[in-house]
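Below, each chain spelled out in residue letters.
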Amino acid sequence: MLPMLEKRRTLAGVMSWIGLGILVAFILIAVLAPIIAPYPAVGPNSQFLTPPNPLCGACAPPSFSHWMGTDNLGQDVFSRVLWGAQTSLEVMAIGVILALAVGFPVGLYSGYVGGSIDKAILLVMDSVYAFPGLLLAALVAAMLGKGPFNIGIAITVIYIPLYYRVTRNQTLSVREETYVEAARSLGAKPWTIMWVYIAYNVLITIPVIFALSAADAILTAAGLSYLGLGIQLPTPDWGLDLSVAQQFLTDGAWWTSFFPGLMIIILTVGLSFLGEGLNDLINPLLKKGRA
Amino acid sequence: MPRRGSLLAYGLTRLILAFPMLLILLTVVFTVLRIIPGDPIYALYGGRAPLSVIMALRHQLGLDKPYWQQYVTYIVQIFTGNFGVSLGAHYGGQSVIAVIDQKLPATIELSIGSMIVASTIGISVGLISGINRDKVVDVVGRLYGTTIFVIPVFWLGLMLQLLFAVDLRWLPVNSRFDISSSPPATITGLYTIDSLLAGRLDLFIIAIRHLALPCLTLGLVLSGFFAKTVRANLLRTINADYVEAARARGIKERTIMSRYAFKNALIPVITVLGLEFAILFAGAVLTETTFNWDGMGRLLIDSIEVQDYPLIQGTIIVFSFIIVLISILVDILSGVIDPRVRY
Amino acid sequence: MHALDNISLDVTSGESIGIVGETGSGKSTLGKAILEILPPRTEVKGRLVFRGRELGQLDNARIRHIRGEEIALIFQDPMTRLNPLMTIEDHFVETIKAHQRVSRQEALARAEAALASMRVPESRISNYPHEFSGGMRQRIMIALALVLNPSLLVADEPTTSLDVIVEAQILEILEDLKRTYKMSLLLITHNLGIVAEVCDRVAVFYAGKIVEVGTVDDIFTRPIHPYTRLLLQSIIHLDTKELHSIDGAPPDLVSPPTGCRFHPRCPYAQAVCREKIPPLDQFRQDQLAACLFGKDFL
Amino acid sequence: MGESGCGKTTTGRAVLRLVDSTSGSIKFEGMNITTLKEERLRPLRTRMQIIFQDPHASLNPAMSIGRAIGHPLKIHGLAWQEEDVKSQVLTAMREVGLTPEEQLYDKYPSDLSGGQKQRAVIARAMILKPKLIVADEPVAMLDMSIRAKVLELMLDLKKKYNLTYLFITHDLATAKFLCDRIAIMYLGRIVETGPAKLIYNDPKHPYTKALLQAIPIPDPRRRARKVLPKGEVPDAVNPPMGCRFHPRCPAVLPTCGWEGRDFLDYLEERRTDLEKGKVDEANLGPLDLWKAKGLVAERQCRPENIAIITEYVRSILNDAPSPLSKAVERVKNVENRLVVQFRNPDPLAPKAVEGRLVECLLY
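Chains as they are written, first to last, in this note's numbering: chain A, 1 to 291; chain B, 1001 to 1343; chain C, 2001 to 2298; chain D, 3001 to 3363.
Hint data in this document are derived by calculation from the structure and do not stem from the laboratory. A hint or two may mislead.
Ranges between beta-carbon positions, derived for each pair [to be verified]:
hint : chain 1 : residue 1 : chain 2 : residue 2 : range
1    : A       : E176      : D       : E3311     : 50 to 58 angstroms
2    : D       : E3152     : C       : T2023     : 15 to 23 angstroms
3    : D       : G3188     : A       : S173      : 21 to 29 angstroms
4    : B       : E1253     : C       : N2149     : 18 to 26 angstroms
5    : B       : S1006     : A       : S173      : 27 to 35 angstroms
6    : D       : K3326     : B       : R1340     : 55 to 63 angstroms
Calculated cross-link-like contacts (lysine to any residue; reagent style SDA-like; alpha-carbon spacing at most 20 angstroms) [what the hints assert, rightly or not]:
hint : chain 1 : residue 1 : chain 2 : residue 2
7    : D       : K3230     : C       : I2173
8    : D       : K3291     : D       : R3343
9    : D       : K3107     : A       : V196
10   : C       : K2097     : B       : R1254
11   : D       : K3332     : D       : E3304
12   : A       : K189      : D       : Y3200
13   : D       : K3278     : D       : E3311
14   : C       : K2295     : C       : P2250
15   : B       : K1135     : B       : T1147
16   : D       : K3278     : C       : P2267
17   : A       : K189      : A       : P207
18   : D       : K3131     : D       : M3144
19   : D       : K3037     : A       : P190
20   : D       : K3351     : D       : K3332
21   : D       : K3278     : C       : R2110
22   : D       : K3278     : D       : K3226
23   : D       : K3326     : D       : N3336
24   : C       : K2241     : D       : A3173
25   : D       : K3226     : D       : P3195
26   : D       : K3131     : D       : T3091
27   : C       : K2241     : D       : M3063
28   : B       : K1252     : C       : G2056
29   : B       : K1252     : B       : I1270
30   : D       : K3074     : A       : P190
31   : D       : K3149     : D       : H3170
32   : D       : K3276     : C       : K2241
33   : D       : K3230     : C       : A2116
34   : D       : K3159     : D       : I3075
35   : A       : K119      : B       : T1073
36   : C       : K2241     : D       : Y3200
37   : D       : K3230     : D       : S3004
38   : A       : K189      : D       : E3039
Positions of the beta carbon are idealized from the N, C-alpha and C atoms, including for glycine.
Can you build the whole structure from these sequences, using the hints too?
Below, the structure written as structure tokens:
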């Protein structure tokens, strides 16, 4: 997939590369957080504190020792932001990968067999899809309890219909391709047709959805935490830190909300660049392939 | 030979088709609330209230009955308009319907305002982008569409608050109305409409000033989706065969753009409108929290926090009804505009 | 990419001329070039003289008036050429009003007359395009092209997506038009049979160039250019006794072959064909060919 | 052979049981396979194969050419060893002229030209050594200059392996050149079938005649005015009664299957004539007052003008082409309805006519 990105320096190609770079950088940050973070994520680092700010506890503006300042508990924002990458990526990965693992086979099966089974599954998935994802996730999260894994599951619920729809629609169109009928005329069994002839040709549309839903999953997870229904303190998490910081915003402590938000934006923008770029690169390929 | 289908028949079909969708949503809500972790009372009160209290509550809500019986009662209650009574700290004892009736107008006002902002900005950006394909304006427009869509709505809200309310002090920080004045008498519950109905322009201005930031926040985030859809569709219609054919007939370029390219590009936008509303409602929950907006989203989160299970259920069900209603409206609207849709 | 190169063609009034060529020979680009509706950023060089006026020098408003009013274009796929959101009536009224100041009633009356002449029931004028079959839509497209009485009709593969009987019906309509309205017809097609049935003269395209022009009789009975000969032989028709084909594949127009563009596939090619670009020379009365050895094939 | 929508492709697929037939029977090598279960059918698929119109679409873009050609062997367990499969594939590739075969083996469909892809598809079909090949417009998507070569290949293979082809095409000329026998289809029915030579020299069914006449001939000296059927192929979901060609047939009889719809079509056709249309509009009003059901076309009338309308309908029926007007049994009034009642059509069955079967009441 990537060699074709090199061929043309189009906007799509550039966007894909930027997006991929950002994603890789964040994975590195998450993995290396224990090494690169200057302070632990939890607990005050108050030895450097200037006189405590009466309005927001132990918070301090960005300085040489605390690049992004400290929060109301005196925790280093930069370190928490780095550690927070772990939480976000973990929740996102669980949510999106589980959604793919369920949505893809179900979509493939539903699209291939068609008929009333397909219609029934479609109706259920479409109904769930039409429902505001965050509300559904909030509900599931409230029921399951709060930990990265449970939040991941709650998010999965939103994205299963998405993967299902994309897979099913693509399966429907691939199923009508002559080469699938050719496989049938050769005497191939349904299982072989589904996995040898259809699955791969459906899978090429998935990276786009994968990137876009990953971006959305990060937003949803952050939203849940922001609402107090996701990750709980003291775990470092961007959305959670933002919601804590919000109450001090009117007092001028902008840094505690600005930087976690910025991290979310950079990562989601990266992912959506990757998704959009891939979309622009893959779509013409699909069309050309058919022509 | 294909003939024109009846719009009325089409509308009725959509209405009937919407019923299973509603039923499925209600079933999903039922499943999540009652089956996944055992039952809501255990999930919400487990270990925090004496067993006798829990058992009594369970009995009161009928949770000790078999699932199928619970399900039937649940469906019957919903369709008879009985949503139960709130159990939580804030609204304990009040009827769920009454509480929702208070909160719904706030969310509707916020949603409509945001939709207006989103469609105005989004469609304009999409059209400008599409006409100037691959020029600088287009690249900027595309980057805007992609970026604005993935900015966390609460973060954008906070930043706008910081800028316009805290620093510049142009607009109120949060809430639906000034504390110093009393809102207009409730007719529709929408402060803007009510103040106009009461003939109070001053109150209307207060309401609009309070609406401005939340609607801008939510509208901006949502405009990305509009911009992307409109641009993609415009690129398709601008190069459509019928546009070329119209040009060959010597139709004026302006007419071609408005009657062939723009109009046709906006049709698919209607069909994604349902999806937009789903995103809008999710965003509304966050925006209501950021701006302390006393609406349905806040109600849901508060109910979840105080584990007010009848209120949670009621709120979610009302959202389901609205979603289904919107999907019907969207279908009928696209049927009215696009003659091909009436099958 | 050079879709067309050095094309020179005269069409006289009331004449029907066929443009034939395989896929990618650039023949469809010609039709659009005449009406100047090529995609933006397309460069057109050369002179288009229509009834003594040079189209390239006219301003946009004048060109717009020539489109539809004097030169009309009908296309290959009638299914996609009508705006799905507009009724047939709207299409007609808009087209007529774009050119002439007439009342809506007057425009409607003309539209109904044009439709009736194409045997489309006027009662269906308020229907939408998707409510018509393919043949009907092509009739509507023709009616739409004729409603302003143009003097030149450019038909770009007008029957390619239609079945053989409907194709024959449409071709008869085109012939009738030519006869009754003294309209010139520029028929672009890949089907040599259609040209033989409808046209007075033919221009054969290969890789963006005209390789041979002449009357249908000359081209079909005594072609000069090797490509024309081989193309005629490769048609499978009812009297075909054995199969013939042309070796190789049509060149891509991004980097066409040097010299005579047909030389890599030409069985008679000499070394000089690779270097020298053959001019379009006259070999017989009214028959021109772009072959260095044209004389040998007389 | 037939126009689009006549069901020729469906026939080809039904023969191979790629679509299920609703009635009738399919026999292969003497065995009735109409309702055979897919598991029992699978072994038979080695002996019947299909070549599709679009060579590009018939190859899985994710499979290399070599793997695609060899896959049937694996599906049927005819060869498991990679080398064994590969050597058979290479042989098959040489056979269809897909050379240099070693280099093309690992290429993907998108790297090949249209002609090469169609050769690959033929090789994939031939590797199972089939007896029957259904060829569905195998050259329609190829460039003029390549068609002849693929057809030649098919003829060579036929001779060499004594193959049976079911050749599906809309191109009468190719069918004439290639086939021993042909069947002309119209709207889901075979209207004429027999030896190709006989049918081309002297077509019997009016539809066959129309088709042969409609093909453009690349010879300017043989231009002639044609007698063409009017209109287009109607919707196959709801085909005309009796002979399905009757509404368009130039040689139609009053007994061919006229029905209520035909009367409505006649009314609509009159509206294409500006003068008649205006008079009709004034006397009858809009067309959608009429309803057609089976042999009957009818409409509601107000009691005070039913007599005038009935008279007018009778007069325009007199004005109609004679087969149509003769097919009308009567125009009557039932309560406030005006009813145009058609006669029952004569039964239609294939008849032996001069060495071929024709389904037409003329014979």
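- Among all the numbered hints in the text so far, which are the ones the structure does not match? Numbers 6, 12, 14, 16, 17, 18, 20, 22, 23, 25, 27, 29, 32, 34, 35, in rising order.
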